[in-house]
Each structure stands twice: as structure tokens, then as C-alpha cells.
Amino acid sequence: MSDTHAQTVRFVRDSMIEPQEPPISETGVIRWVRENLFSGWLNILLTVVSLAVIYFALSHLLPWFLQMVWNAGSLSECREIRNERYGPDAASACFAVIRERWHQLLFGFYPVEAYWRAVLGFVVFLAGMSPVLFTSLPRKLLWASAATPFVCYALFWGGSIWGPVATALGFAIGAGAYSLGFRAGGKLAASIAAIVVPILYWLFLAGPLARALTGIAPIGLPFIPSDDFGGFMLSTIIGLSAILLSLPLGILLALGRQSHLFIINKVSIGFIEIIRGVPLIVWLFTASLLLNYFLPPGTNFDLMLRVIIMATLFSSAYIAEVVRGGLAALPSGQYEGADSLGLDYWQSMRLIILPQALKISIPGIVNTFIGLFKDTTLVVFIGLLDPIGLSNSIRATTEWNGIYWELFVFIGVLFFICCFSMSRYSIYLERKLQRENR
Amino acid sequence: MTDAALEVEQRREIDRSQMTVSDEVAIQITEMNKWFGSFHVLRDINLTVYRGERIVICGPSGSGKSTLIRCLNALEEHQAGRIVVDGTELSSDLKNIDTIRSEVGMVFQHFNLFPHLTILENCTLAPLWVRKTPKKEAEETAMHFLEKVKIPEQADKYPGQLSGGQQQRVAIARSLCMKPRIMLFDEPTSALDPEMIKEVLDTMIELAEEGMTMLCVTHEMGFAQAVANRVIFMDQGQIVEQNEPKEFFNNPQSDRTKLFLSQILGH
Numbered sequence: 001m002s003d004t005h006a007q008t009v010r011f012v013r014d015s016m017i018e019p020q021e022p023p024i025s026e027t028g029v030i031r032w033v034r035e036n037l038f039s040g041w042l043n044i045l046l047t048v049v050s051l052a053v054i055y056f057a058l059s060h061l062l063p064w065f066l067q068m069v070w071n072a073g074s075l076s077e078c079r080e081i082r083n084e085r086y087g088p089d090a091a092s093a094c095f096a097v098i099r100e101r102w103h104q105l106l107f108g109f110y111p112v113e114a115y116w117r118a119v120l121g122f123v124v125f126l127a128g129m130s131p132v133l134f135t136s137l138p139r140k141l142l143w144a145s146a147a148t149p150f151v152c153y154a155l156f157w158g159g160s161i162w163g164p165v166a167t168a169l170g171f172a173i174g175a176g177a178y179s180l181g182f183r184a185g186g187k188l189a190a191s192i193a194a195i196v197v198p199i200l201y202w203l204f205l206a207g208p209l210a211r212a213l214t215g216i217a218p219i220g221l222p223f224i225p226s227d228d229f230g231g232f233m234l235s236t237i238i239g240l241s242a243i244l245l246s247l248p249l250g251i252l253l254a255l256g257r258q259s260h261l262f263i264i265n266k267v268s269i270g271f272i273e274i275i276r277g278v279p280l281i282v283w284l285f286t287a288s289l290l291l292n293y294f295l296p297p298g299t300n301f302d303l304m305l306r307v308i309i310m311a312t313l314f315s316s317a318y319i320a321e322v323v324r325g326g327l328a329a330l331p332s333g334q335y336e337g338a339d340s341l342g343l344d345y346w347q348s349m350r351l352i353i354l355p356q357a358l359k360i361s362i363p364g365i366v367n368t369f370i371g372l373f374k375d376t377t378l379v380v381f382i383g384l385l386d387p388i389g390l391s392n393s394i395r396a397t398t399e400w401n402g403i404y405w406e407l408f409v410f411i412g413v414l415f416f417i418c419c420f421s422m423s424r425y426s427i428y429l430e431r432k433l434q435r436e437n438r
Numbered sequence: 001m002t003d004a005a006l007e008v009e010q011r012r013e014i015d016r017s018q019m020t021v022s023d024e025v026a027i028q029i030t031e032m033n034k035w036f037g038s039f040h041v042l043r044d045i046n047l048t049v050y051r052g053e054r055i056v057i058c059g060p061s062g063s064g065k066s067t068l069i070r071c072l073n074a075l076e077e078h079q080a081g082r083i084v085v086d087g088t089e090l091s092s093d094l095k096n097i098d099t100i101r102s103e104v105g106m107v108f109q110h111f112n113l114f115p116h117l118t119i120l121e122n123c124t125l126a127p128l129w130v131r132k133t134p135k136k137e138a139e140e141t142a143m144h145f146l147e148k149v150k151i152p153e154q155a156d157k158y159p160g161q162l163s164g165g166q167q168q169r170v171a172i173a174r175s176l177c178m179k180p181r182i183m184l185f186d187e188p189t190s191a192l193d194p195e196m197i198k199e200v201l202d203t204m205i206e207l208a209e210e211g212m213t214m215l216c217v218t219h220e221m222g223f224a225q226a227v228a229n230r231v232i233f234m235d236q237g238q239i240v241e242q243n244e245p246k247e248f249f250n251n252p253q254s255d256r257t258k259l260f261l262s263q264i265l266g267h
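Chains W and G, in that order, give the protein sequences.
So that you can map any letter, position 155 of the first sequence is 155 in UniProt numbering, and since no number is skipped, the others follow by simple counting.
So that you can map any letter, position 156 of the second sequence is 156 in UniProt numbering, and since no number is skipped, the others follow by simple counting.
Note that these hints are calculated values from the structure, not bench results.
Glycine included, every Cβ here is placed at the ideal spot set by N, Cα and C.
Keep in mind that a hint or two might mislead.
As a list, the in silico SDA-like pairs of lysine to any residue whose alpha-carbon atoms are at most 25 Å apart [stated by the list, open to error]: (1) LYS179(G) with GLU336(W); (2) LYS157(G) with LEU433(W); (3) LYS95(G) with GLY333(W); (4) LYS179(G) with LEU94(G); (5) LYS157(G) with SER136(W); (6) LYS135(G) with LYS150(G); (7) LYS258(G) with SER61(G); (8) LYS179(G) with ARG350(W); (9) LYS132(G) with PHE182(W); (10) LYS157(G) with GLU140(G); (11) LYS135(G) with PRO131(W); (12) LYS140(W) with GLY159(W); (13) LYS432(W) with GLY160(G); (14) LYS187(W) with THR133(G); (15) LYS432(W) with GLU210(G).
Here are a few chain W residues that sit away from chain G, every Cβ distance over 10 Å (derived from the structure) [to be verified]: (16) GLU113; (17) ALA146; (18) LEU245; (19) ILE275.
Which residues of chain G face chain W? A few of them, derived with a C-beta cut under 10 Å, are [claimed, not checked]: (20) ARG101; (21) VAL107; (22) PHE111; (23) HIS116; (24) ALA126.
Here chain G stands alone, though its shape is the one from the complex:
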């Protein structure tokens, strides 16, 4: 195990009792292809995600990993193949797209909080307008999740008054307020100072411990080794290798994976 993974492990014991993978399929991707203009970004992607899985997707920049998870809630449109999320097929039907988006939480690299709303309003907005939850209930839920990410005292501040790490935790809480069954993370720690990465990773580990289905694009290999049950390596728009973390890091099969790992773990 590498130093980074040890660090995550040592920080605190990871409780694996809830981290069980069921046989139920959460996401099914078959023969999916995507082009940006004439550029073939995703090629023949086949992937089945089971409920409760924690999947880390890594790869060099431009390999299509962000695009892949952005396709899962239709922020990007795929041009061929099928994506079925939670039993609903992603088509151009707007109703399906809105249903899937309200079931799938997404956390972005740059947080994408709404700067004109307070932290609490950021968290209650979607429940109020999409789920039509009564205001009081929505606020209680929001406070519950803000406590979970350990910043309830910031509820009345605006995003611009918070540090990057705090903003990202608010973004996670905002997604959780919709009670999603699947969470997507698009490089959640890449825009953060090293000190703040830890607080965000801790929040994500907690989520994993509760059995959330997670797909996470990240370069935090320590996190991958500690909580992922599967690591996917992508290059040039295709899945090059996937394996459980121990095998993936200790015994990579393809040359491209070996090169990538040697570059990011080499120092």
C-alpha cells in the first residue's frame, strides 16, 4: 500500500460494515459512443455499476473520464449506445433527463454553488422547486446534511465567504439534500489547496461508509485504495483497464496503466 493510502487509512478506521455491493444494477452503459464535432471522445464504453459500488475513474487528462460521468446525468449528450440509470433510459426525452438528474447527485471541480443565494438557500432550492418539499422540511433536511459535512454554522453565509474546502462540502450537502441514490464526483479535490483536500475526502469517505453508490473521477490514489471497490483506468476515450484497487495498483496489466501509475505514484 502506498503512503497516501496509508495516510487515509491511518486518519481513522474505515468502517466497512455498510460498504456492501448488491446485485442490483444502478447504471448500465452499453456500447456508448460520443463525439465532440468530429473528435471521437468516448469509444465503445461498456460498464455496469452495481448498487453500493464505489468506483474511481482515473486516467491522463483528455482521456474522457469527465465526459463519461457527465454523460450519466446528460450534461453531455451521447450519440450512440445506451445508458440506463436507475432503470430509466437516458434519451432526448426531457422528462427522463429531469428525473435522472434529480436522482443523481453531482459534485463539480469548481463547486458551482450559486453565489447569489445563502448556503441554506443553495441546499433547499432543488428540494423546494423540483421535489416540492414544504419549506420547513427542506430546511431541516438541509441543516441535517450541513451538520453532516460539519458546517451548520455557515448556513446563513454566502458561498463567496467560505473557503474552497467548505464550498465543496456545501456542494456535497446540496446534492445530498435531493436524497440521490447515486453520486457523481468530477475531480472534487482538484481545485483545492492541499490542506482542504483532506476535509472533502473525509466527507466522501463518510458517504462511502453509508453505502452510497459513487462514481468518482479523481487523482487521489489514497482515496481509491482506501474506499474504492473498483478502479477504472481510461485513455484515449476507452476503458483500458479495470480491477479492484489492490490488484490495480500492485499488479497493473497494460503498459499504459503501468506508465500512468509510475508517473503519478513515482515521487
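Chain W on its own, in the form it takes in the complex:
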């Protein structure tokens, strides 16, 4: 029984087989196409339908886009050129409006001779923020980042440079008050001093000081009022200021919501729920209309500043909730580990808890920022001339009456570039932190 097959099973290989190429259907493009597009009946159907949809969209959009007209003084001129080149009723994009009015869409009514200031301001801003965004740069450069807002103010608005300098000095005074207070009466006294002293300084001393210095050495650029700001520049200034200010405020609110101190806890919850529960547009109207009822008559409180404050408060409530999610995701062992080493509350938050919680919250935070940035277009409803507002006023002129798509495509592309950059940055940051501590 056991050796029945012994004769037939015996085998000795006499020549070895060389490795060969796999069959053509299993490699390269063909394999990819088969696996990803035509792997089954349902997949084949979906592929065909998708291709049809894409073809339908492109066949309508592409002619419009490719048959563009760049040189024209008005919409009717555009149409004449189109009729001549592509025949009447052909789809044709009239990008001449962008060529003619791009400076308005970008800068609003900002004086033409000061465009360089706006451009330089944004370059300074990006350069100043890079040490914050990219940790591989030397940490000493963070001092330059701290100075950036003041430099940007001096460039965008201008006026005597002593105004921003005197304002910046307030922070140095705060730091001084903290260290003096710390020596005199411990942490609590130091914290109170660090808040009260600079506020008193800003209220009563900063103005006269700036005026006195201006009297002695009148250096500075011509002042440009906020009313002249407009276009994409306005959206960017409001958006970026609100983003920068809402992150620290949102983090404080998130910590407040976790706090065991009753008053702080309830105030944080109330703030977050009220701000978040009301549409942004309502807050913007509050900023533009209602605030005047509460302020003393004759107070001239810059509308742009009011909008920045409202947008900041609004997005800080969202940031607070996103960060709270990150805080909740940390195991309690991290808090206990920090506590057991004797770190105090702020040390353990700053060194242990927040770095980890913020890392978890990055996608949510950037999501909120992108939303906020796009929401800045809502300021058109309270009369600020953002790109949408300017597109309306451009359409109101006789030359460009009736043009829609070209303007909105341009504005859309501008916003897309900014939002897509933010999204890519967040992915870069996530990957970097992932690599550092897996």
C-alpha cells in the first residue's frame, strides 16, 4: 500500500527554469486599469457613468474657458471680439474684466501708490510667521514673529510708527510687572500685575507717549483709514487676524470649560454656547449696528476692528470645542504623570497636555480656520467691500454690467489657493508630528 505510487511519484529536475516576465495583463497600466476601473460589472458601470459626467461638464466648461478674451474695455467689446473670432453665441469667457479690475478685487480702494505697502505687509507677515509654522527654524526668530503684527500695522495703516511701538511696549511692561510682582508677592500677585499694569498703561500712557515721540521724531508712512481697505486684502487681514487671535482664546476657553473652578467653568460654557449658537451674520450686524447703541455717542470705533473682534470671538468658540475634544482624548495618566512630578497647572498644560491635545485637534482646528476664512465674505452684508462686495460694484458700472462668472471664478480661485495651502500645511504638520512620536 505505502509504495504503490513510488514509481510514478519519483521526480528529478534536470534543468532549472529561469525567472520570466509576468503575463502582460498582470503588469503596469493594463493591470491598474483592470483593477481600479473595470474590476466588476458594477465598477465598469460606475466608470462609464463617471466618464460621461466628466465629459458632459468639460464639454460645456472648456470651450467657455479656452475661448477667453483678455483685451477689451467693456462687456460689449468682449462680445464683439467673440463674435468676430468664434462666431455669435459661442461660449466665451471675458477675462478682460479681471485684467481691467484685478487691482480693485485685490486691494479695494487702497491708494494705488501704496500697493507696495500692502504687498510688503503680506510678505513680512508670511516671513514673520514662518518660525511659528516651521519649528526647524531657529527659536530665536520667534522674537521677530512677536514683532510682526506691529510691523504689519505700520505698513497697512501707516501713520506715525510710534503708535505701534508704544503699543508693543505695553507687552514688555507687562512682562516687567510680572517679574516684579513675582518677587514681591508670588504667582497670583504677578499675574494680576501683568494684566492690570499694561491695561492702565495702554489706556492712559500709550497715547500721550506716542504723540510726544511723534512730536520729537515724526517718522512714519502716510495714514490710510480702514474705509479704504477692500478686496481680497480686506478678507485676508480680517481672516488672518481672527485666526491668530482665536487660537489662544479658544485654548483658554477649552481649559476654562474643563476647569474645576465653578465661575470660570460656567462663564466659559456660557460664552461658547451663546457665541456658537447664533449665526455669524447676526454677530456681524451686532458689531456694525447694535454696538453703537451701547457705546457713548460720537465714539468712533473702527468697523473693521469690530468685525475682527467678532470673527475672533466666533471662531474661538469653535476652536474651544475642537481643543476640548483633543483634551478629552488624552488618557488621564498623562495628567497624573505630570502632577506626580510636581509640575504646576500651567506647566503641565503647556509642556504635557496641550502639545498632545493640539496635535490631536489639528484637523479640526484647520477646518475651523478654513471655515472662518471663507466666512469673511459675509462682511459684504454690513457694507465692507470684500471681493464679493467689489464684484457687485464692478457689475454696477456700465462697462461690466451683466458679467458674473469671470469675477466669481477669479475670487473663487483666490480663496481656493489660500484654503488649499492651509490644508496642505495641516497635513505637513500632522505627518511631521506623526514621525516625531509614533
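Put chain G on the given structure of chain W with help from the hints.
Same frame as chain W, now just chain G:
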């Protein structure tokens, strides 16, 4: 002596020359009570720990042993009675709490290393920020203790890249960097694979040999017999029996202790 204890003894000679108990009181607990809500977790705890003592606390789960040692550095708040650690009374005064925490090292069951910092940064963090030690000195101290727990070569890695046993040894080194006078261990080997328990216990034995005051919640009875000078058995939030290890294991007095010992040593 049980097999486990023999194993620890045989692994290497334990040097008892430094393991002396002084008359100086390290921790004094009087009439301490604690509740979680309405649940009475710790009942009338009285305990005096002398400097240099190695105390092992054991008992069934839920008996309050972890809560007891977590009260000693105020990770849990006690509601009645007094706890005096190193001459400082634990009250709600935050300053006292931070002082005590920087003097008392704690090692957790789940290590609680900081995953976003390297091993070296984990060890230097508290000295830098709490003790305000200069960076260079803090790093030298950290490397000294990392060598002591035999993983100096891992200093630049992140906790997630280390094995459980290595992480727990880093946690011990991290505590030691604060030069604590008392070390608390909360089930330091319970989350480890059997092979890694040995390396952590060896580190703890070394600490004991140097005369560190240690309170250790553990089920490692071999460790208790080899290095402890006192074993405390807790049940239902109270201290049921305490004795020196030999007596405790060979001649337990209370029925509850006998039952517990028969269950954990029975196989």
C-alpha cells in the same frame, strides 16, 4: 520560602548592608478616611513609615491599596485625618502639594511617560521646570539614572519605540531624576509581559539596596519576601494585617489573609 522568592534571591545576592531602617519618620498617616462619592474606600488608616523602609502593600482588587498610595502625593484627596509626608502636612494648600510631589517619586502601572517627548526629555522635564536645574546638569543627571536602569542608549528615542519593560524603567529613572526621598510604586509590573517583569524588579531591588524608602503596591510576592521589611494586607479599605514578610507568609493571622495567600500562592 516560596519558589518565587527563591528565584529572586537566587538571581543574585541581595546586598542588605544599606537596607537599614532609621527611627526618622518619613510618612505619618493618622485616622485617614476617604470616600468616592458615598463609597467609603479608605477607613481609619493609621500607618507610620520610617525612613529606609521597604513596604509592600497587597490585597484583593478594590481593597483600596492603590488609592492609599495615591493619597500620599495628593493624586487623590483624603477627606478626613492627617497625612504628613517628610514633615509637610498634605492639605489643600497647592504649594504644599507641589512640594510633596517633587519630593515623592511615583511609578504607575501604565508608565505614563510623555509620548511626545524623547526619553531624555521625559527625564529632564521636571528637573528643568520644577527644580530650575541648568539644562546641562539636568541632562547629566538624566543620563546617570538612565545608565542605572540600563538603557542609556535609548535616550533619544520616543517612548512608543520602547518595550513595556524598558518604558517602566524609564519611568523609574524619570522619578529618580527629581532625587526623591520616597518612591511610590503603583502595581509597576502588572501591565508587563512575564519576561519584562524581571528587569523592572531588578531595578527596584537595586533601589532598595541603596536604602530608598519605598511603598509598593504589587502582587509580586517573591519581591516582597526578598526585599520588603514589612508587608501590609488590605481588604475593604482597611489594613487587615501587617507583619514582617517571613511571619506574614508563613504564619498569617487573619482568615482573610490566609484565604488571599492561599489563592495567590496556591499554584
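Report task. Taking the numbered hints from earlier one at a time, note which ones the structure violates and give those numbers from smallest to largest. Result -> 12, 15
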